[in-house]
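> What follows is each chain in one-letter form.
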Amino acid sequence: MAKSPQPTPIHDFHVSQGAQLVDYAGWSLPMKYEGVTAEHHQVRRSAGMFDVSHMGRLQIKGLHARRLLERVCTRRIGTMEQGQCRYTLICNETGGVRDDVIVYRMDDDEFMVVVNAANRSKIVEHMGSVVANLGLKVSVEDRTEKTAMVAAQGPRVMELISKVSSEIPTLKRYRFTVKNFLVMKLIVSRTGYTGEDGLEVILPANMVSMAMKLLMKDIDPKDPNAIMKPAGLGARDTLRIEAGMPLYGHELGEDINALACGVDFAISLDKNVDEDGVTFIGQEALIETRESGGPPRVLAGLKIDGRRTARQGMPVVDATGATVGVVTSGCVSPTLDASIAMAFLDRGVSEGGGALEVDTGRAKLAASLTPLPFYKAPKK
Amino acid sequence: MSTPEDRSYSASHEWHLVNGDTVTIGITKFAADQLTDVTFAEMKSVGTTLKAGDAIGEVESVKTTSDVYCHVDGEIVEVNGELEANPGVVSDDPYGSGWLVKVKMSSDAGLSTLVDAKAYDAEHAS
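Residue numbers (the working numbering), protein chains in the order written: chain A, 23 to 402; chain B, 2 to 127.
Same shape as in the complex, but just chain A (with noise of 0.2 Å):
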């Protein structure tokens, strides 16, 4: 038998409200309340409320904290400011992906570094051994478990938070605050992973019951009508995908190159011009790969005739039968009313090639290619 999955300080919030719960990478999450269609529409057409606990969450601290992270981060960290966030790689020698990351700057010396969950012991391995190699002077503490994480996603979330904040609207993307709430201390950053505005806080553990009670202050998640309302993992995936957002595991992977992910914004491969010479890990293997012209694979969007899904692993054909990739997620959108999928293509068949066709293994489900990301939020 397996471990029982660990509840997360939310848990009691999720089974009062009904949730079906499941263990995702080792915690007890909410899969769904009401049902996955319905709190994915809640979240893009008003709020939806995220238990986000499971993300690690670590602190890195001490004169050298810029160095360890300019050294395993593909991104540059030195031009953070202080109440910045910056989404980040961190990748293996050979380039490929060890996780996809969020860096908070919270002082010259101190970072929060927000990583998968199913990647925290690995990441916080792979940087106790960087800082013994380089005799760097930085504690990397794994705040998990003390402390809790909520995401508030849609376009309502601001209206909301404006009833306890008047600061935290004015937050631009990608930024932080520190909030002294009452008697707790609240991380809130304009972060998220569906492709709406929103916020994602991070709190105390011993404080959610409180915080919860603040975040959904006049709020009855019952009342069809509720601005807010909880939203489980199954429509976390089906918006993430809708904004051609990568999920490890997915899209990223120790064995998939970090130029094949449609996040090359991430990945700066000039930043040891900066840092003396300095490079970050598998930088040199993504200058090989740039040089030789770059992955053979890089990610695409699909859009598939029909209703049937498109799942990990299906091959993608051309028309002469021929393998030229394979899915890596999809779903049927529920905002596009159409079944969508991202999947690595070869890059003459990624640049727009002819006719495409995912295997399903019973049928072939004819597919054309489509910018990511699928969705976008409208502007305001």
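Careful, some of the hints might be misleading.
[Claimed, not checked] Each pair of labels, with its calculated beta carbon distance range:
hint, chain 1, residue 1, chain 2, residue 2, range
1, A, R195, B, T65, 30 to 40 Å
2, B, N87, A, E310, 27 to 37 Å
3, B, G82, A, R312, 49 to 59 Å
4, B, T65, A, L85, 47 to 57 Å
5, A, A344, B, V47, 32 to 42 Å
6, A, K185, B, D68, 46 to 56 Å
Think of the hints as simulated: they come from the structure by calculation, not from any bench. Only a predicted model underlies this, so the values are computations on that prediction, with no experimental measurement involved. Each residue gets a CB set at the ideal place from its N, CA and C atoms; glycine is no exception.
Starting from the known structure of chain A, arrange chain B on it as the hints suggest.
Relative to chain A, chain B alone:
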């Protein structure tokens, strides 16, 4: 939603409701909940002959694609016409308007392998 007592249940989460020599087949509320929202359902066509244990079609959800099985011998005489335009009906009303197919039985021997609502619920507390 309580499990209806007028029909029989399989270990693979189908319900069979007998009316004369015809049986209506659907999936249970437990199965519908586990699947999460059904996004696609395709049944074999009217006229298909089946043996107990054959698949009658498949349902897809956000999470997975699953076969649905028949536990009698017979022939499909009707497919729920609403499934194509509105597959979500399987999630919303699995014991009612979310039925899948009707099968005219040539042998009902397979029904003896099914259990009643009480026994099904005991296995799959919802």
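> Now look at each hint and say whether the structure bears it out.
Here's how the hints hold up against the structure:
{"no.": "1", "hint": "A:R195 with B:T65: 30 to 40 Å", "in the structure": "35 Å, holds"}
{"no.": "2", "hint": "B:N87 with A:E310: 27 to 37 Å", "in the structure": "52 Å, violated"}
{"no.": "3", "hint": "B:G82 with A:R312: 49 to 59 Å", "in the structure": "55 Å, holds"}
{"no.": "4", "hint": "B:T65 with A:L85: 47 to 57 Å", "in the structure": "50 Å, holds"}
{"no.": "5", "hint": "A:A344 with B:V47: 32 to 42 Å", "in the structure": "37 Å, holds"}
{"no.": "6", "hint": "A:K185 with B:D68: 46 to 56 Å", "in the structure": "50 Å, holds"}
In this structure, only the earlier hint numbered 2 is contradicted, and the remaining ones agree with it.
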